[in-house]
Every structure is written in structure tokens, then in C-alpha cells.
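Undergrad: Top line first, the protein sequences correspond to chains G and B. At position 52 of the first sequence the residue is numbered 52 (the working numbering), and the sequence of numbers has no breaks. At position 91 of the second sequence the residue is numbered 91 (the working numbering), and the sequence of numbers has no breaks.
It is possible that part of the hints are untrue.
When chains are identical, the list treats them as one kind, so a pair holds in a single copy or across two.
[Stated by the list, open to error] Restricting the straight-line Cα-Cα distance to at most 25 Å, the calculated cross-link-like pairs of lysine-lysine (DSS-like) are:
1) Lys-73 with Lys-113
2) Lys-113 with Lys-23
3) Lys-61 with Lys-21
4) Lys-61 with Lys-23
5) Lys-23 with Lys-119
Derived by calculation from the structure, the hints in this document are not laboratory data.
There are 2 protein chains.
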Amino acid sequence: MWGLTDFKQVIVARTDLGMGKGKLAAQVAHASLGSAEECRRRSPEWYEDWKQQGQAKVVVKATGEEHLRELQKKARTLGLPNSLIQDAGLTQLEEGTTTCLGIGPAPSSLVDKVTGDLKLL
Amino acid sequence: MWGLTDFKQVIVARTDLGMGKGKLAAQVAHASLGSAEECRRRSPEWYEDWKQQGQAKVVVKATGEEHLRELQKKARTLGLPNSLIQDAGLTQLEEGTTTCLGIGPAPSSLVDKVTGDLKLL
Chain G
1 MWGLTDFKQV
11 IVARTDLGMG
21 KGKLAAQVAH
31 ASLGSAEECR
41 RRSPEWYEDW
51 KQQGQAKVVV
61 KATGEEHLRE
71 LQKKARTLGL
81 PNSLIQDAGL
91 TQLEEGTTTC
101 LGIGPAPSSL
111 VDKVTGDLKL
121 L
Chain B
1 MWGLTDFKQV
11 IVARTDLGMG
21 KGKLAAQVAH
31 ASLGSAEECR
41 RRSPEWYEDW
51 KQQGQAKVVV
61 KATGEEHLRE
71 LQKKARTLGL
81 PNSLIQDAGL
91 TQLEEGTTTC
101 LGIGPAPSSL
111 VDKVTGDLKL
121 L
């Protein structure tokens with residue numbers, strides 16, 4: 001019997017912007033939905049498996065814009081669905097500020113190659 | 001010429017549980033995705049309009065479980081897509097604890113009938 005593949009989504013959030021709790025949560029939700037939709041289009045079987053397993057979401061910390069972009073590059077290299085969020089600039093931040101990166105849902109072992117060393121927010 | 005209908009999603013989060021920032025953000029993302037999927041199934045034209053308009057998401061405060069359930073009742077009465085989240089209980093909270101309620105995407109004027117008097121988180 002084969003082992004089940006374990007799926008998760010990780011959302012990486014910048015901690016250097018001083019976003020308030022509600023702002024941060026909305027940005028994380030943007031990244032989560034954006035990356036989930038990319039997964040649903042490209043790898044619908046991953047998406048369904050993730051949902052069946054309870055759609056695990058984990059939020060971790062990044063130090064700044066460069067960090068997010070490096071992580072996105074790694075995610076792309078591995079072929080993982082991802083979504084980098086830039087703020088619309090209506091409140092708190094300047095327009096175009098990157099805030100969060102969603103990665104997955106995807107097999108946890110692959111996501112960990114990108115975000116495995118990041119700390120929980 | 002008709003005015004454009006303005007769409008938004010509101011996520012209501014309990015502030016009485018003392019959730020950490022990352023936990024809170026993950027719960028908000030669950031509610032956002034759950035309610036967005038309900039909208040996509042039931043009212044795909046609302047979903048597409050909301051996305052085209054930049055998928056506005058607003059996070060507001062609720063005082064506790066009863067408050068969330070009252071708001072969900074109102075949302076249902078108005079026929080608005082919604083998703084009440086119960087935590088899986090793996091970290092911080094007891095299994096089954098309600099944490100957040102996602103409402104919409106839906107026309108802002110309808111969402112405001114449910115959440116218009118709640119404060120931003």
C-alpha cells in the first residue's frame with residue numbers, strides 16, 4: 001500500500017512593514033486565494049487532495065521584498081503554484097508594495113524545500 | 001448608463017480568543033477561501049465581478065461565538081455566500097472552536113446590511 005501524499009499551503013508574510021493585524025490577515029488571504037486558484041487551474045488533483053485533507057495553511061515570516069522574490073524564484077523552479085501579492089495602496093502601504101507570497105497547495109515535502117527553514121508567524 | 005455594482009468580501013474575526021497574528025491570519029484565509037468558493041459555485045458572475053474589481057477583502061471584529069452565529073444567520077437570510085470556520089484544534093485552540101466568518105464576495109450594499117456596523121480589525 002502506498003503512503004498518502006501530505007499537502008499544505010504556506011503563506012510567507014513580510015514582518016518589516018509593520019502591518020496591523022487586520023491588514024496582515026487580509027494580505028495573507030489574498031495570497032492564499034491567489035495561489036489556491038493557480039493550483040486549481042494547473043493541478044486540480046493537488047487542489048482536491050489538499051481540500052480533502054483539511055486544507056492546511058501555515059503562515060511564516062520573511063524579512064523583506066528581496067526575500068519574498070527569492071522564495072518565489074525557488075517555488076517557480078520547483079513548479080509550485082504561487083502568488084506574490086502587491087498592495088493596492090489604499091491604506092497603510094504605498095501602492096505596489098509586496099506584502100505576502102502564497103505557495104501551494106502542493107506536496108508538503110516540496111513546499112518544505114522552499115519554506116522549511118522559515119519561522120512561524 | 002447604469003452604475004457599476006461594487007463587490008467586496010468581509011471576514012469577521014473573533015477578538016476574544018487571543019489568537020496570535022499568524023494563527024489569526026490563517027483562520028481569516030480559511031474563511032476567505034471557503035466563502036469565495038461558495039460564491040464561485042452559487043453566483044459565478046458575482047465572483048468574476050469581484051475579481052475584476054480587485055477582490056476587495058476587509059477584516060472586521062466580532063466579540064464571540066454568539067456574535068458570529070447571529071451574523072451568519074443574517075447573511076443566510078439575505079442569501080449571501082458565507083463560511084463559518086471551526087478550528088481543527090491542532091494548535092492554540094480547542095477543536096471545534098469557531099474563529100471567523102467569511103461573507104461574500106457580494107454586492108457591498110448587501111454585505112453592509114450584515115457587517116456595516118462592525119469595526120475594522
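Undergrad: Tell me, please, which holds for Lys-61 and Lys-23 at an alpha-carbon limit of 25 Å: within, between, both or neither?
TA: The answer is both: 15 Å in one copy and 13 Å across copies each meet 25 Å.
Undergrad: Indicate which option fits the pair Lys-61, Lys-21 if close means a Cα-Cα distance not exceeding 25 Å: within, between, both or neither.
TA: Classified as both; 14 Å inside a copy, 11 Å across copies.
Undergrad: Is the C-alpha distance from Lys-113 to Lys-23 at most 25 Å within one copy, between copies, in both cases, or in neither?
TA: between (28 Å within a copy, 22 Å between copies)
Undergrad: Between copies, within a copy, both or neither: which fits Lys-73 and Lys-113 at Cα up to 25 Å?
TA: within (12 Å within a copy, 43 Å between copies)
Undergrad: Since the copies are identical, ignore which copy is meant and state whether Lys-23 and Lys-119 lie within 25 Å (CA to CA) inside a copy, between copies, both or neither.
TA: both (20 Å within a copy, 13 Å between copies)
The earlier numbered hints are all upheld by this structure, with none contradicted.
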